[in-house]
Every structure is written in structure tokens, then in C-alpha cells.
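Peer 1: Model the placement of chains B, C and D with the ligands on the given structure of chain A, informed by the hints.
Residue numbers (my numbering), protein chains in the order written: chain A, 1 to 209; chain B, 1 to 209; chain C, 1 to 330; chain D, 1 to 330.
The set of hints was computed from the structure by calculation and includes no laboratory data. Treat the hints loosely; a few may be bogus.
[To be verified] The calculated BS3-like cross-link candidates involving lysine-lysine, where the alpha carbons are at most 27 Å apart (straight line), are:
1. C/2 with D/227
2. A/168 with D/199
3. C/284 with B/26
4. D/199 with C/13
5. A/61 with A/140
6. C/284 with C/177
[Stated by the list, open to error] Every beta carbon over 10 Å from chain D, so not counted as near; a handful from chain C, in silico:
7. 4
8. 30
9. 88
10. 97
11. 238
12. 285
13. 311
[Stated by the list, open to error] To spell it out: a stretch of chain B is covered by chain C in this simulated footprint if at least three of its residues, at any positions, have a beta carbon under 8 Å from a beta carbon of chain C; those stretches are:
14. 53-64
15. 73-79
16. 128-141
Yeah, the Cβ is synthetic: ideal placement off N, Cα and C, and Gly gets one too.
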Amino acid sequence: MSVNFLIHSAKEIQAVIDANASEIEKLDQEIGDGDHIFNVQRGIKLVIELEAVIKDLPMSKALNQIAMKVLSGIGGSSGALFGTLFMTMAKGNDIDNGVDYKKAIEIFADGVEAVKQRGKADVGEKTMMDVLIPVSNCLKKGVEDNKDVKEILKEAIEVAEKAMFSTKDLLATKGRASFLGERAKGHIDPGARSSQLMIKTVCESVLNS
Amino acid sequence: MSVNFLIHSAKEIQAVIDANASEIEKLDQEIGDGDHIFNVQRGIKLVIELEAVIKDLPMSKALNQIAMKVLSGIGGSSGALFGTLFMTMAKGNDIDNGVDYKKAIEIFADGVEAVKQRGKADVGEKTMMDVLIPVSNCLKKGVEDNKDVKEILKEAIEVAEKAMFSTKDLLATKGRASFLGERAKGHIDPGARSSQLMIKTVCESVLNS
Amino acid sequence: MKKFMNSADDFLKESLQGFGAAHQDIVNCHYDPNFITRATPTKEGKVALISGGGSGHEPMHGGLVGYGMLDAACPGFVFSSPTPDQMLAAAEKVDSGAGVLFIVKNYSGDVMNFQMAAEMMQGPNESVLTNDDVAVEDSSFTTGRRGVAATVVVEKIVGSLAEHGGSLQECKALGDKVNKNSGSMGVAFSSCTVPAAGKPNFDIGDDEMEFGVGIHGEPGRRRDKMKSAQEITNELLEAINEDLKPEANEEILLFVNGMGGTPLTELYLIYDNAKNMLDKKNIKISRSLVGNYCTSLEMQGASITLTKLDEELLKHWDSSVHTAAMRWGV
Amino acid sequence: MKKFMNSADDFLKESLQGFGAAHQDIVNCHYDPNFITRATPTKEGKVALISGGGSGHEPMHGGLVGYGMLDAACPGFVFSSPTPDQMLAAAEKVDSGAGVLFIVKNYSGDVMNFQMAAEMMQGPNESVLTNDDVAVEDSSFTTGRRGVAATVVVEKIVGSLAEHGGSLQECKALGDKVNKNSGSMGVAFSSCTVPAAGKPNFDIGDDEMEFGVGIHGEPGRRRDKMKSAQEITNELLEAINEDLKPEANEEILLFVNGMGGTPLTELYLIYDNAKNMLDKKNIKISRSLVGNYCTSLEMQGASITLTKLDEELLKHWDSSVHTAAMRWGV
Ligand SMILES: Nc1ncnc2c1ncn2[C@@H]1O[C@H](COP(=O)(O)OP(=O)(O)O)[C@@H](O)[C@H]1O
Ligand SMILES: Nc1ncnc2c1ncn2[C@@H]1O[C@H](COP(=O)(O)OP(=O)(O)O)[C@@H](O)[C@H]1O
Ligand SMILES: [Mg+2]
Ligand SMILES: [Mg+2]
Ligand SMILES: [Mg+2]
Ligand SMILES: [Mg+2]
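For reference, chain A alone in the conformation it holds in the complex (with noise of 0.2 Å):
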């Protein structure tokens, strides 16, 4: 994993939530306060303007660059999530001196792990963790169970589909959407969705390269 391959899918994750920006709109519209989606789109502009100030820095420097900017520039849940979870990475150890599928596994569990601290909600409770904590779970153990990394990063894929959806159906206890109590159901959590859809975009971008 590369500052290049940080920025290159910044902007595949952009062609992604954009084609798919009414229905995230929608979601939070529901269940939400209806922000979510202008926070991700804006968060993920701010990554990709900031390429060529990050591009020849070393790895920490530069995933703590875009912590900072998502940090100070979304707002909302998602602004300190996402960005709790890049400030994170950016500590992982030794990384300036290249990160391998199994180190950016490493740091990405660490992240999650971070925000799951953070907003004190673990799977089962309608957020974004729904998502976030089956992935890693998954990509950790694929690199336990020494798996080949093709096959991790698809059964990430099929994982996070099915968290995304298994939202739909769960009452909320964290976020704007546990104010609802019975009404929230049937509605899948937006920060689960757009979750999903970046490690998708993320997961394909490395199968394809």
C-alpha cells in the first residue's frame, strides 16, 4: 500500500458514492438528520485535493495529513470516526518503510479497533460497526488462516455486503438513529452503507490491479 494507492482510491472511492449519492442521502434522510452523504462527499474531496502536498511524503505523515483533514473537515459521527480511525493507522508501526497487504491489515483492525472506542458501539447496534468490525475480523483471520490475499480481500467483499444489509432490520442503540427506537427498522444505517461501499471499492481496486 502506497501514498499513491491511498489517493488513486480516494478518487475510485469519489466515483462510487457519488453514482450512488441519492440512495445514501435517502438513508440518512430516514433515520438520520440527512447529512451523512454531503459529510462523505466532502471528506472525500478534501483527500483528493490534498495529493499533491502528500504525494512524495513518507507513509505516516501522510495518512496523519488526511486524518487531519477528514478529522477537521467532515464534522458529524463520521468526521470523527473516519477520522479516528486514519489517525490511528497513521501510528502504525514502522510503516514509512513499506506496508504489505498483511501490514495494511494490521493497521486497518487497529483502526477499527480505535473507533470502535470511540463511539462505544460494537456489532449488532445499527452504525457503520456493523460493517467495519466483520471486515476486519475477516481480513485477520484470512491472514491468520494464511490465506491467499485474493481470496481474503473477496470474501471481505461478500462480508461487508451482508453486514450492510443485516443493518436493516436491527433497532439502533448508537447514533442519531437510536432516537427512533421501532421506527428505525427496515432502514439499512447510511454509515454502514457508504462504509461498505468504500471497502468494496477499495477490496476491487486491489483484485484488479
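Peer 2: Just chains B, C and D with the ligands now, kept in the frame of chain A:
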């Protein structure tokens, strides 16, 4: 013209105004502020409610009570103008000794003159004066020419209707509609319409009695 | 129609009752006939200021009763001018012997009803007629221009003079001067609904606005397509400037008024856009007022008022005021 | 969508600019990162109060910056909580050494962003979390209740204590107490439109209302048919009373808050209807606040907040305040 006749006429007017309420409402919405119908309906209701209080009073006192009720109960342009009409009629000479049709026409004409003074509007300015003045003139002329009272009343009804329609293509120079310039054209003046309906109702009431 | 109301008949009364109860320290509400006075009597020798008009423009005028502004306000039914008995009862209550100044917006209903009250009154009285709306032409053939948001400015400034001992004639003269120094124009995005009517006063398309709208939702100069805030603001200011002709370096009050249904955020945005334009013309914004003061029920829209300020006006604008809707220095 | 705006991207900035320019005497607006401070620096030894949240609730919080209330406010994008860098920049500017109290509405975005700022901060700081909305249940399985209009009351009362020398711990304790003493609930007749979205946040029928709505137009307890003002008021008060359990003869603040698109007249009518019900229960309305303070863009609707008052709270409620949106005694 007796106090009983006044009360009876008010009830008949109420029925006619109610039947034409949505048309009148629309007229004041188009070139005014939309309250004319409510002002008129409120006024008539208040006058009818006076029945017990005024039915045994001499004409001057009864008219004065009506005037005060109209003046204090309606508001807006029409309240001031109709109030002025009745206040002036109440001051008619010798009216407590019976009001025949000639006397009735005399005090009505005095009332219209006072309304004209109050509002400083003449024929052609797209107000109720476009109806009141020609009707008053027609009634006076009928008496002068010694026409039969039925004849006079029939003529008055026709004059009122023509006058009312004439306001449609006028530019307004008095009242709210005057602020509209050319845009007032093509709409009948609400006060002209309500006045015409009242005149028609009273005249027909006499004709049918 | 969606309103917080129980019945159209009780709408005004219940609202007045709530207003009176919420501001007991400032006002007293009287009923049948309806009028609002200060909670404390007019001090002897002080000219009493009375205004009024149809309801639906709140906080004007009831919210402007109090120290440094009005002594009494007479609310009519929604969009119908009040009646002479209201004004007479109010005058009787607040006249302390120095006379009564009526502040009247130029609508024939208001003018006639206040005139009748003035004619019936015993004591000395004068009237100031406000007609700041530049949207409509002022020709000798019409009733003239409408009185709109500058009425608030007139009431503030004359209120201060009266509080500080101005005579009836001086108060009238200052009121006329403030009115002459002011120009306003408004625009509406939506209609308003009179409670008794139950349906909007006018229809307006999703992409339309009523330019030069009146404060009763009366039609204005023209029906226009929606435009950007900066374009709307420029057009409003151009119309006002054409009439008021403020000179470069002249000091003005910039008053951005909401019509009832437009949030503060947008009013401040208009203020910003107005400042852009006035700065370019070197017109100096010396004082500011932003908020819902002269409204049209729940209409979405806004108006801009400019008042040219001199030292006298500045002094009276700045002096203490304590009403439900405007308060400073006390 | 009909708004006074030039572009969704510039909406917030232009509105802030207008706000800053219109109230130069009270506030200073700072940009990139955006925050609003008082025009004069925090006096030494005074605890600095900082609040913030997504924009769209104006005048909260920017309009509550000034003497006797906040030292700074951090506006996020519309309905998106502000970011830690805003809070850090604001804290750096207004911390005079006595520490910073963050006043945060209980939404996970606000909570997390303020937490991150607090963790990154050098100096002593505390946070008060408001969660007065009784519309949603407070169970140990959820994030708890939402913070809504009582935040204004917390900011007023704690602002006074801070102004009068309260320590950071005392300010936090008082804030928690006011929050605990308060309950709110709202209802919406129409949706609101986020500028970037360009279309309403939710659909609602001509005869429907959203009962227990959130201040971002989030769904509430239930979708209901329109009812009379007295019925709506009773239901709101019952829900609040059930939670707050004010006792007979207990003194309360009755705060009728508009959501942005509802005119003052209707808010006063709600006040009247609320007074009817509270009088019957012998609950004593000692203080009142009526107006648009905690809004949801142009949403038509209102909320009621009750705060139980004791001597301490009364004293701090009454003390002087000088902000753009609330001003008395000065
Ligand atoms: N405590 C939490 N932990 C994890 N994810 C959360 C939490 N709270 C909210 N989220 C996620 O954030 C998403 C909403 O983000 P966004 O709309 O950008 O912020 P906000 O909720 O502040 O409006 C939700 O759909 C949910 O997935
Ligand atoms: N100066 C005037 N002279 C005569 N009639 C007038 C004058 N001004 C208004 N009117 C009449 O009053 C009518 C409107 O009455 P109404 O709607 O009750 O009062 P307002 O105009 O105050 O809303 C107009 O249609 C017109 O006929
Ligand atoms: Mg959201
Ligand atoms: Mg009318
Ligand atoms: Mg009227
Ligand atoms: Mg949000």
C-alpha cells in the same frame, strides 16, 4: 322603512353574502389582502345580534347602534366606510316619525355623500363608490322624476350591477388595489361586489313585499 | 392550513393573552376593545405614542410597546385595521395630558379608522403616516405608498424623543422626518394564510417569487423567477436607492426584516449581501437591525429598509428601549 | 427549495459574515476554522464557556455569545457537528486560565468531536452534556436523549455563574443541574431543507404533524394527525411533566421555542394554552421565554421546555445578558 325592516334586510343580506362568500374572498385576495369577506360577514352577524337591543328603539337610535356596531366590529376600510354610512343615516332629519321611501332615499344619499368624504374617492377609482354613487344618484333622480318606487328600485338594481362590473377594467387609485397599478385591471373590486349584492338584496326585498 | 390554533375566532385573543402573560413586566393587555398598554402608566407630561394596525405583523406593534417606544398598540383582526373605539380607549388610558401621537401605516382602512378616532377625541393629537414602501409608485392619483417596516424605525426614534420630553409637534415632525428618510422593499417566496380563510392568500410557483410584495401578501411590482440572494438583494437596494438617493459617505441604518417564515440565518446572509453592495457605493452602515419585526404571518420572505441617519436620529436610535421585541440599554 | 442563498457552499460563510457585521459590538467571527467569540476578550480568571453544534439552529449558538452567556461558539456545517480544530482554536482564543467548559448537545457526532477536542486540549476543561428531549427514551441501551432547546437555558444560567466568578467545577455542576431540571418536547408541521440537499428532509401530509420531532427534522415519537393547539400543547406538556414531575406550587420557567418557520403570534398562543394547563396543575410560571431560539432551519413547528427553578437558578436567569439574541439588564 322600519327598524324591523332593517333587521329583516340584514338577515337577507347575510344569506346572500354567505352564498357568494368564496367569490368575494377571491376578489380581495386578487387585488387586496383577502379579509373583505370576513369583515363583511362579521359586521352583518354583529348587526343581526343587535335585534333584541334595537327592535323597539326609534329609528335614529337604532341606526346609531348599528353604526357603532359596524364601526367597532368590522375594521378595515369597509368598517370605516359602512360605519360612516350608518352614522350619517342615523342623523337624518325627523326620521323617528316614520321613514317613507323618499325619506329613505334621502338619508341613504346623505350617507353615501359622507362615505365619499371619508374615503375621498369618486366614481372611477375602483372602489365601492363606483356602486354607491351611481345608485344614490339613480335613486334621487327617480324621486325627482316622480317615478314609481318599484321602477326606481328595479333601475337601482340594474345600475348597481353595471357599476359593479365596470370596476373590472378600471385602474385602482384608492384603497389597497391602488398599489397594484396595471395588475389590478381585470378584477372586480371586492367592496363594489359586496355593496352591489347588499343593494340588490334590499331593493328586491322591498319589491317582493 | 397548518397553524397552532384552536379556532379562527379565538386566534387573536389567545395569542394576545399569551403575549400579555409572557411579558407582564412590560405590558398590559386589555380586551373588548382590544389594546395593549405599558405595564406602568405614562408619566405626566410625556406625549403618548399609539400605533396599531391589522394583526399578523407581530411583533409589530404590541411587541414595541414599552419604555422608549410605544405607550399603546391597537391590534385589529388579522390584516384588518383596528377600529376607532380601540384607539379611543387606548388614548383615554395613556394620554397624560401632553397629547397623543398616532403612528399609522398608510392603508386606507388604517388611515380612515385612525382619522375617525382623531375626530372623536377630545384632547390634542397628531398623526404620523408612514409610507416607506418604494415598491409602489407615489403618484398624486393614488393613495400613495404603503407603510411597512420603517414604521418600526419611526416608533423607536420618536419613542425616544417622547421619552425625553419632546412635545407633540416635535414628535410629529421627527416621525415625518424618519419616514421621509426611509425606504423599504420586500420579496416573498411563499404566501401567507389568514386563519379565517384557511387557505393561502395567493398561489406561487416553486420557482417564483413576488417582488415588491406587501406585508399582507398583496401583489407587488412583479412576479419573478427565483434568483440568487445577491441578485435579489441588489434589486431591492437599487429600488430603495433610486428613491432614497443616499449619498456616498452618508450614514444609514440597514434593517433586514423577516416576514415570519424565513430563518435568521438567511436574514444574516441578506445582510452580508446588502453590505457587499452598500460598501461598493460607499454608503456607510452605521446601525443594523436584523430579525422578524414587521411580519406577514408565516410568509417566507424578507424586506430591506434603509434609513438615512443624522446625529439626532442616531441619538434616539441608540437610547434605551425596553419592549418585548426590542431591548437595549436597560 | 426556496432560500435566500447564492450557493450551498457559501451559505454558512455568508450568513456568518452577515452576523458578524451586524453585531460587531458583541461578537467577532473567525474563519478557517470557523468560530465566534465575544468582541472583547475573556476577563482573567473567568471560566470560558464554549458551545457549538451543527448550523441551522440559529440564533443558537452564535447568537448566544456575549456578556453573561457564551465566550465562544463553533458552528459546524448545516446539521453536522463542528470539528475538534474549531473547538481547539476557540478555546485557545477565549481560555483566560480558569479553564474551559464545553456545553454539548447529546448527539454522537457532537459528543465525539468535543471529546476529541477535550483530549487534545492542554488546559483544564469540563463538559456539560444536555439531553432534555423527553420525546425519546433514555434507556441504558441507547445513546440516551437528545439535547434540544434547554441548551439555551443551560447557557444562560451557567453563563451568569461564570460571569460572577464561578469555578470550572461549579459551572459544570450548575450546568448539569439545569439540564436535569429541564424537559423539552417539540412538534413539526413541515420539514426543513438542508441547503446542500435542496429538498425537504422528510415528507409530511397536509393533515399531519411529526410529534416529538428532533431539531434536525429527525422523526419523533409518532406521525400524528393535526390537532388543535390546546391538544398539542397538552400532549407536549404531559410528556414533559411525566418525565420532569414538577410538583404543585413548584416554580418553573416556561419556554416556548419556535423552530424557525412559525410566527410569534402562534408561539404566544401556545404560551397561552400552556399557561391554561399549568395553572390547572398549580405549577407556577415564574419566568417566561417565547421566541425562535433553537431552530431547525425554516421548519414550521415549536417546542416547549420547562425548567424547574430554585433561587440559585432564578438569580442567574435574571442577571444581565448581552448577546445578539438575548439581552436584558444592559
Ligand atoms: N457511536 C457511533 N459509533 C459508530 N458509528 C456511529 C456512531 N454514531 C453514529 N455512527 C455512524 O455515523 C453515521 C452517521 O454519520 P453522519 O450523518 O455523517 O453524522 P451525524 O450522525 O452526526 O449526522 C451513522 O449512520 C452511523 O453509521
Ligand atoms: N378610500 C376608499 N373609498 C371608498 N372605498 C374604499 C376606499 N378604500 C377601500 N375601499 C373599499 O374597501 C374595500 C376593501 O375593504 P376591506 O377589505 O374590508 O378593507 P381593507 O382594504 O382595509 O382590507 C375595497 O374593495 C374598496 O371597495
Ligand atoms: Mg447525519
Ligand atoms: Mg381587504
Ligand atoms: Mg384589510
Ligand atoms: Mg449531522
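Peer 1: Would you mind marking each hint as holding or not holding in the structure?
Peer 2: Each hint, compared with the structure:
no.: 1; hint: C/2 with D/227; result: holds, 9 Å
no.: 2; hint: A/168 with D/199; result: holds, 24 Å
no.: 3; hint: C/284 with B/26; result: violated, 44 Å
no.: 4; hint: D/199 with C/13; result: violated, 36 Å
no.: 5; hint: A/61 with A/140; result: holds, 25 Å
no.: 6; hint: C/284 with C/177; result: holds, 20 Å
no.: 7; hint: 4; result: violated, 4 Å
no.: 8; hint: 30; result: holds, 16 Å
no.: 9; hint: 88; result: holds, 25 Å
no.: 10; hint: 97; result: holds, 31 Å
no.: 11; hint: 238; result: holds, 17 Å
no.: 12; hint: 285; result: violated, 8 Å
no.: 13; hint: 311; result: holds, 19 Å
no.: 14; hint: 53-64; result: violated (count 0)
no.: 15; hint: 73-79; result: holds (count 7)
no.: 16; hint: 128-141; result: violated (count 0)
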